[in-house]
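J.: Residue strings, one per chain:
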Amino acid sequence: MSEIPTDLRYTSSHEWVRLNDDGTATIGITDHAQDALGDIVFVELPEVDSELAQGDASCVVESVKAASDIYMPITGEVVDTNQALVDEPEMINSSAYDDGWIYKIKPADEDDIEQLMDASSYEAECEDE
Amino acid sequence: MSQKTCLFENHQNHGGKIVDFAGWEMPINYGSQVEEHHQVRTDAGMFDVSHMTVVDLEGEKVISFLQYLLANDVAKLKSEGKALYSAMLDEQGGVIDDLIVYYMNDQWFRMVVNAGTRDKDLAWINKQSAAFDVLVTERPELAMIAVQGPNAREKALSVLPLDVSQASSDLKRFVGAASGDWFVARTGYTGEDGFEIMLPESEAPAFWEALAEAGVKPIGLGARDTLRLEAGMNLYGTDMDETTSPLISNLGWTIAWEPEDRNFIGRDKISAEKAAGVKQKLVGLVLEGKGVLRGHMKVVCEAGEGEITSGTFSPSLKQAIAIARVPMAIGDYCNVEVRGKLLKAKVVKPVFFREGKSCL
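In order, the protein sequence lines correspond to chains A and B.
So for the first sequence, numbering that gives the first Met the number 0 puts the first residue at 0; every next one is plus one.
So for the second sequence, numbering that gives the first Met the number 0 puts the first residue at 0; every next one is plus one.
By construction, these hints were calculated from the structure, which means they are not laboratory data.
Incorrect hints may appear among the rest.
[Claimed, not checked] Straight line, CA to CA, 20 Å or less: simulated SDA-like cross-link-like pairs of lysine to any residue: (1) LYS317/B x GLU50/A; (2) LYS16/B x ALA65/A; (3) LYS289/B x ASP110/A; (4) LYS16/B x ALA35/A; (5) LYS289/B x GLU76/A; (6) LYS289/B x ASP6/A; (7) LYS297/B x SER67/A; (8) LYS289/B x THR80/A; (9) LYS340/B x PHE41/A.
[Said to hold, decoys possible] What follows is a set of in silico ranges between Cβ atoms, one per label pair, in the way DEER data are often shown: (10) TYR332/B x GLN53/A: 51 to 59 Å; (11) GLU336/B x SER49/A: 17 to 25 Å; (12) LEU359/B x ASP55/A: 37 to 45 Å.
No residue lacks a Cβ here, since even glycine has one placed at the ideal position from N, Cα and C.
Chain B extracted, bound-state conformation (with noise of 0.2 Å):
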């Protein structure tokens, strides 16, 4: 059955074009895609996440029980409000999920993790925590809202309720603050500057048009895709998943390897993986040539074959742009075939655009 938001009436009142997505309906864009593209790396947009899951734990034992569960290490947090990236693997070694962790206080942390993922992410941390005598809290009265761009942090903070946006105004990146039921965070997945901020359900529609009126546009799912793949982030399901280990999926950096005593799910599959020697990685691709890339494409070269996870047409950087997975000793060019054809397509570190410049 399908589910909307609290926000999908406002949805349709700025004329948002509506699919469905991983259950939900959710916009796709609000006229032009493009332009919605432009504006979050030109200005400032928002974009309605409040499908995704917020998932509280709590208990005395929750750093222990974290520390087991994902494959970064929330220890590294060392103050109130600081977000961590992680996988969560599985015994395997797969990706179960990627999510957010925010370590609100020594005994209560949340998380943040995919829509499409909720069912096994909870499923799976109820049956790890049980040991920990961890206290597991779904947050579906949280709406939340993404808003970024260059001027997206002023934008918001010019119509956040006053206790909220002084709180925030002076937040560092990747670190949030709480202020009554409000949560907000610097942090957010298109490569520019913003908040991405949890409300209560009921304040949230009232919310999102303030931010209308401050000049804050809407943005679709389709302008969240491009960012993010301009930006270099991954997308679960797409890039990784339960088949795929961390290591092929260019998430090496999250994983804390030290203290060489912390046992966390996954670590003697990706231990034994990584002594074995890595055999493949995530690249990004540039068509030289006109042309789209797109996910699931084969990709030739002299060290083998690989397959784009993700591939579009950058907006910014007006080319075809991919991520994908290949053999680890792939050169500094490449084929990708394209309808029976083979374009050659530049390698480069899975980076495109960021902060309103390009990183090729």
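This is chain A alone, in the form it adopts within the complex (with noise of 0.2 Å):
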């Protein structure tokens, strides 16, 4: 069974999208992702400053096997990029929810990140797959 914490949010492709102190939203992917995938090998991360609409594909990340886009959970500018992914990609594999982070954005409205699945509905929504 993947590791899904309780204090994140989630997306049916796979996102999480934790809220910081100072406003800024983290995102990443899970565990669960991260393990379908199977070695990262490359992450084409997104531009700072972009702007970008929920469901936009936002970054790519690379395994072995195959390219996968990363989707905006929620409306939001790019703020940070996680730029030790470049020379280490496997961070992703390592530590989902840590070091293999992604981006930050700052969200259109901050509201939006509620709307997002909790642990026990993405839980639900994994075993369904």
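Each of the two chains sits in its own frame; use the hints to bring them together as a complex.
T.: Take a look at the structure:
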């Protein structure tokens, strides 16, 4: 069974969202997603300052197997990216929820985060797959 | 309907992640494809290749038959156990399959063909064999385990049944030896030394576990693909098929043009293609920057356009590599279209990494 922290919010396309104290939100992919992708070897990070709508493809994570688009969980502006992933993309495999975070956004509306799935809903969704 | 090999339970017990491959339920990896890749490059790993099709060909005219059926010439095989890699062409010179054929004795040859092409291969071989009075027998009761890596032979020899081990210990490259129902050949699909071992299905699960005890780790199809790509070995259905001639598929070296009077299927068509000038070739590409090359990406060079046939991230080189079909006149560099951007790649011979060393 994959790890699903209860303090995060989730999308059906397997991104997680963490609301930070400074009002930004951190985004990554779930433990379930990294396990399905396999060994991650490249991350094409989004451009800082790009404004993207919920559901837009924001960046690409590539494993040895396949390339996979990462989607914006909510509308917002990219404010930071995890540059450590440029040389160590495998951190997404080893630490999907911490060192393997991918980018941060300034949400257009913080309340959008609340509309996403909580851990138990996401867990149910994964089981249905 | 999906099929399982006799080692299916072993894969499950070793944590194999099972996927469908050519109608077979096979392990794609047992955890980490990259770790498995390194395991084969640095030590020893084992692959279940029991889904591949073993066909025995027997008869007084079996040599004449194979000289007609295959683009390579089995007359090159001078001693028992010797193996030959060949393409099997159709009348248009397209590649029906690539295969290995072993010379067992003057009236018996053994072929190993791909799992995904089994039905059409058997139909083709049976059709062509009628005129030669050759008996074609599929051997589904044989399992096949490839043990590959710098320490593979030593570890395998330590757990093979004694008579098989003795028959296999001094095998030269590309030679096999039969011992009872077992057949061990010093061949493979990884660019590393090792054996491919055919054995009765009933004995395979226990032998797999004995190999595991000896420190040979199970390796999935994922690593099998990155290993063969680094070694510059073609994959049927990806790098070549019935729509491509062997001349544009880096298989020219496997065509035996001499003797000139040997009539093999497809010869007139590929001879004409050669005389007219071959237009394309398969090359290796190494991406200069970061990213991953994938099959079907467009290749752009001054001489025109081409296409990647196989691409991946090379775990050994830590760079993206690919095999691509390109215009003959491609230069030293080209561009590959990756998600709308043109990325620079170096053009190399399609051999990237073998026997623990970079070939670049």
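J.: A separate judgement is required for each hint: does it hold in the structure or not?
T.: Against the structure, the hints:
{"no.": "1", "hint": "LYS317/B x GLU50/A", "verdict": "33 Å, violated"}
{"no.": "2", "hint": "LYS16/B x ALA65/A", "verdict": "16 Å, holds"}
{"no.": "3", "hint": "LYS289/B x ASP110/A", "verdict": "37 Å, violated"}
{"no.": "4", "hint": "LYS16/B x ALA35/A", "verdict": "10 Å, holds"}
{"no.": "5", "hint": "LYS289/B x GLU76/A", "verdict": "25 Å, violated"}
{"no.": "6", "hint": "LYS289/B x ASP6/A", "verdict": "34 Å, violated"}
{"no.": "7", "hint": "LYS297/B x SER67/A", "verdict": "19 Å, holds"}
{"no.": "8", "hint": "LYS289/B x THR80/A", "verdict": "17 Å, holds"}
{"no.": "9", "hint": "LYS340/B x PHE41/A", "verdict": "16 Å, holds"}
{"no.": "10", "hint": "TYR332/B x GLN53/A: 51 to 59 Å", "verdict": "41 Å, violated"}
{"no.": "11", "hint": "GLU336/B x SER49/A: 17 to 25 Å", "verdict": "22 Å, holds"}
{"no.": "12", "hint": "LEU359/B x ASP55/A: 37 to 45 Å", "verdict": "38 Å, holds"}
Consistency note: the structure conflicts with the earlier hints numbered 1, 3, 5, 6 and 10.
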